[in-house]
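Student: For reference, the chains in residue letters:
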Amino acid sequence: MGANEQGVIGKSIRRKEDGRFLTGTGQFTDDINAANQSAGVFLRSPHAHARLRSIDASRAKAAPGVVAVFTGADLEGVNGLPCGWLITGTDGKPMNEPPHPVLAQGKVRYVGDAVALVVAESIHQAKDAAELIDVDYEVLPAVVNCVDALKPGAPQIHDQAPGNRCYTWALGDKAAVDAAFAKAAHVTKLDLVNNRLIPNAIEPRAALAKYDRAEDAYTLWVTSQNPHVERLLMTAFVLGLPEHKVRVIAPDVGGGFGSKIYLYAEETALVWASKRVNRPIKWVAERSESFLTDAHGRDHVTHAELALDKDGKFLALRVTTTANMGAYLSTFASCIPTILYATLLAGQYTTPAIHCEVTASFTNTAPVDAYRGAGRPEATYVVERIIHQAAVETGVAQDELRRRNFIRTFPYQTPVALTYDTGGYDACLDEANRMADVAGFAARKAEAAKRGKLRGIGYASYIEACGLAPSNVAGALGARAGLFEAGEVRVHPTGSVTVFTGSHSHGQGHETTFAQVVAGRLGIPVENVDVVHGDTGRIPFGMGTYGSRSLAVGGTAIVKALEKVIAKGRKIAAHLLEAAEGDIEFKDGKFTVAGTDRSKAFGEVALAAYVPHNYPLDKLEPGLNETAFYDPTNFTYPAGTHICEVEVDPDTGVVQVVQFAACDDFGNIINPMIVEGQVHGGVAQGIGQALLESCVYDAQSGQLLTGSYMDYAMPRADDLPSFKVGTKVTPCTHNPLGAKGCGEAGAIGSPAALMNAVHDALAAVGVKNLDMPASPHRVWQAIQSAKRA
Amino acid sequence: MYPFELHRPASIADAAALLAKTGGKALAGGQSLVAAMKLRLAQPGHVVDLSGLAELKGIRREGDAVSIGAMSRHADIASSDVVKGAIPALAALAEGIGDRQVRNVGTIGGSLANNDPAADWPAAVLGLNATVHTNKRKVPADEYFRGMYETALADDEIIVSVSFPVPKKAAYAKFPNPASRFALVGVFVALSGPGVRVAVTGAASSVFRCKPLEDALARSFTAAAAKAVKVDAAGLNADLHGSPAYRAHLVSVMAARAVTSAG
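Listed in order, the protein sequences are those of chains X and R. Going by the numbering used here, the first sequence opens with residue 5, and the numbers climb by one from there. Going by the numbering used here, the second sequence opens with residue 389, and the numbers climb by one from there.
Just to be clear, a hint being listed does not mean it is correct.
Once the Cα atoms are required to be at most 20 Å apart in a straight line, the calculated SDA-like pairs of lysine to any residue come out as [what the hints assert, rightly or not]:
id: 1; chain 1: R; residue 1: Lys-557; chain 2: R; residue 2: Glu-483
id: 2; chain 1: R; residue 1: Lys-599; chain 2: R; residue 2: Asp-627
id: 3; chain 1: R; residue 1: Lys-426; chain 2: X; residue 2: His-128
id: 4; chain 1: X; residue 1: Lys-457; chain 2: R; residue 2: Ala-612
id: 5; chain 1: R; residue 1: Lys-426; chain 2: X; residue 2: Gly-84
It is worth saying that the hints were derived from the structure and are not from the lab.
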């Protein structure tokens with residue numbers, strides 16, 4: 005590592021992208037307009053479950069300004085939306101994969117299901133016309149709870165999924181688990197609900213589809229985290245269009261959290277319709293539509309049992325989970341409560357035997373898919389809540405029980421398929437203990453008691469698996485897509501660089517972090533590097549951004565391309581310096597003949613590559629432009645310990661988070677400020693889940709009761725303390741950056757830490773088990789129930 | 389939003405005439421009406437904008453009362469030296485409404501005409517035994533609030549100002565709905581010459597006076613006295629954020645907190 009690299013890497017450089025965001029000059033999908041553009045509005049089902057007896061759009065078609073009205077019957081030859089992961093059940097059969105029509109056909113299955121697309125000159129005319137579509141619904145009984153959906157007699161949602169079952173799947177050695185439980189000195193049992201969440205990205209989903217008759221080609225601007233995946237799924241699976249005739253652009257995107265990974269009905273319908281009407285069509289979700297139709301997150305019901313020996317060593321973990329898929333399978337819905345959940349149940353611990361069985365069910369609710377953390381927060385919640393409970397039951401201190409079971413030798417093969425490459429769990433726990441001043445907790449608790457407050461402290465020592473890989477292993481487990489990433493480094497003749505990455509930034513700051521990586525490696529100023537992403541017309545085929553993969557996978561692809569650039573530069577420099585290639589060193593932006601002061605700057609080499617007058621044209625192509633595709637050999641494993649401290653007001657049930665300390669190991673860090681920001685955002689979302697957020701459907705009607713901010717509680721700044729954030733580093737062993745990923749960690753560790761703190765506080769008044777969110781009403785009710793008991 | 393005709397009258401008389409003639413809706417700060425129109429939940433054919441009417445503005449001390457013009461914005465009231473000097477509880481209540489954007493646009497008159505069951509102003513008006521002055525008459529607080537979104541106002545009746553008697557002590561304590569931050573329960577407590585009044589918002593379909601609390605506080609104006617009162621849960625709201633029993637409990641707790649902050 006050269007001096008320059010040391011000067012750029014690990015430095016909290018201000019974000020290059022913030023200039024345009026802070027001055028309102030970002031270009032989001034709704035900022036983009038096309039000539040002759042029309043407005044699209046979707047008529048949505050007001051019922052959770054109904055048969056479509058008939059749809060009469062004749063009045064709507066005749067309404068002022070209407071260009072066209074399309075219903076499911078018009079979409080002949082259009083396939084349903086695909087699911088990207090095939091789960092094979094314990095019965096050896098593939099999961100039930102009922103059709104997911106772009107516009108409802110025959111039935112509607114959740115409130116918000118798209119019934120018709122109205123295209124008009126203006127949004128108001130489209131809305132007026134949508135009200136004139138006469139739909140004759142035969143309303144059917146609905147079921148919204150994932151456990152209720154599996155009960156005999158539950159309303160049958162899909163003919164292709166008997167009993168509303170998508171699959172029952174299992175992982176782990178059941179016999180070994182049973183044997184371990186039989187000899188356990190202590191068994192802790194816990195029932196948990198992981199509450200359903202609505203993503204709430206600040207920018208609602210939007211799309212602008214444009215058909216070019218001259219080229220018979222389409223352009224789609226869309227709020228996507230992964231434009232190439234969007235294009236592949238839409239063209240190859242749904243619309244049957246040639247990929248090279250469809251350009252997908254995901255411009256500035258205002259937050260995703262998973263919800264913008266998926267191929268949705270709306271943009272698919274728009275692309276299809278744009279050719280039919282030969283007009284560009286724009287649709288922007290209203291916030292109410294976002295609540296109803298963005299893929300939701302979590303929604304698990306779990307029973308867990310932990311077996312311990314007399315010394316507090318974990319012997320086995322047994323987990324049974326029911327997961328809500330919603331009305332249809334969203335793009336990656338099936339792998340979230342399986343591949344990304346059960347595999348994480350070892351946590352940071354040496355638990356030798358683990359068995360997990362997951363049943364996924366269909367309900368009359370919006371589809372459920374990955375949401376920040378995706379499976380790993382759910383796994384962490386199970387592991388860390390039951391360890392908290394076990395520590396309470398066995399009288400061992402929370403940190404001590406965790407320490408007794410930490411994995412300390414690496415690589416470590418877990419009983420649930422993963423191999424952890426590296427980690428340092430004690431270091432994070434010790435540092436978190438110090439940051440949280442755990443030693444002073446007893447005094448703080450006593451002081452709070454004088455004010456009538458119940459103070460509690462809670463731990464979560466989480467692990468996550470990021471950078472899902474490798475592709476061939478994932479493929480064997482049912483993945484229907486690759487998991488590599490692509491990067492192109494285009495060196496310009498004067499030595500500045502444009503990087504084209506398959507990763508997509510929708511708040512993560514890639515334009516800065518990736519520029520730092522490139523500037524550091526090439527020894528050039530960060531200002532000389534620009535990063536391009538989000539356009540299938542400009543970037544190599546990439547998989548996009550999800551699962552905290554961008555730096556570890558996307559960044560590594562860029563590094564691989566940089567290595568090719570430097571290798572070629574070395575050849576050019578050798579020619580220019582009339583030296584052997586093996587004698588050329590590249591350091592601090594200069595190619596130097598080893599042991600001499602003879603050198604060529606990076607920019608001189610770049611110029612020689614593009615003005616190849618003095619150049620080995622017989623041996624080397626001109627130009628300095630390299631692309632690399634990188635498929636990781638393993639996941640990365642960020643881990644850490646979060647410690648939360650709360651005060652509960654027993655008079656009102658209000659839980660105040662008074663302190664939150666997080667010590668995380670993300671491997672090597674490129675930009676500490678950006679990492680800290682990611683942790684802050686993730687912890688805020690995790691606190692949101694644990695304290696405030698909950699998506700609720702009416703059990704009878706299937707109506708979304710939390711369909712606006714009047715009823716869906718988002719975390720606000722004054723709900724949060726000033727976070728204490730620290731890091732420890734064990735570099736990832738299998739990527740050249742040593743990076744692990746940081747985007748989701750905050751949301752993974754914090755819910756369990758917070759709920760453990762709430763349980764610690766409420767133990768004094770006899771509350772045993774409270775599900776999220778720990779809202780005032782629910783906490784107060786739990787206290788009253790405990791008093792009565 | 390559906391199309392509508394916007395009127396901007398220059399006098400209260402013209403505004404009232406327009407309301408009578410068109411059957412339209414009066415527009416004050418628009419913090420409820422415009423939102424409902426944008427969601428297509430309200431569909432007025434005519435909207436009568438009151439923002440040009442000078443008679444509806446101004447905050448004045450008038451003898452033993454403070455008169456607040458109907459079009460005074462929450463932010464105006466929160467920062468008014470007259471209000472802060474005479475009835476600081478009103479300024480504090482105004483400062484706790486919505487967020488800064490809402491307070492800079494929303495008005496006291498609009499809030500009272502709308503009578504949202506979780507709004508803050510109704511608790512102050514009822515708790516302080518204020519008088520609502522309209523273009524037609526003076527309505528005592530006890531006769532003004534008629535039920536959920538219902539008031540004594542006729543369709544063409546416009547609130548001109550509200551007159552708040554200056555109390556000896558008063559305070560408002562709000563327990564916010566964790567999502568909307570409207571009052572899940574808000575309690576306004578006032579001690580004045582004629583006695584103690586306790587008005588509760590958010591807990592039921594409309595603001596109401598809580599007699600058991602008034603009696604208890606008349607005997608002993610202390611937090612302990614308020615907290616000891618068991619409020620009847622019958623008729624109180626039930627929703628995702630609070631059962632009737634929880635709201636009933638919070639009425640006592642918030643009343644006690646209001647008494648404490650009233651000093």
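Student: Keeping to a limit of 20 Å between CA atoms, is the pair of Lys-557/R and Glu-483/R held or broken?
Tutor: 18 Å, holds
Student: Just to be careful, I want the Cα atoms of Lys-457/X and Ala-612/R compared with a cutoff of 20 Å; is the pair within it?
Tutor: 17 Å, holds
Student: Please verify whether Lys-599/R and Asp-627/R have alpha carbons no more than 20 Å apart.
Tutor: Measuring from Cα to Cα gives roughly 24 Å; hence the hint is violated.
Student: Just to be careful, I want the Cα atoms of Lys-426/R and Gly-84/X compared with a cutoff of 20 Å; is the pair within it?
Tutor: Since the Cα atoms of Lys-426/R and Gly-84/X sit roughly 33 Å apart, the hinted pair is violated (cutoff 20 Å).
Student: Would the pair Lys-426/R and His-128/X pass a check requiring their Cα atoms to be no farther apart than 20 Å?
Tutor: 11 Å, holds
Checked against the numbered hints given earlier, this structure breaks hints 2, 5; the rest are met.
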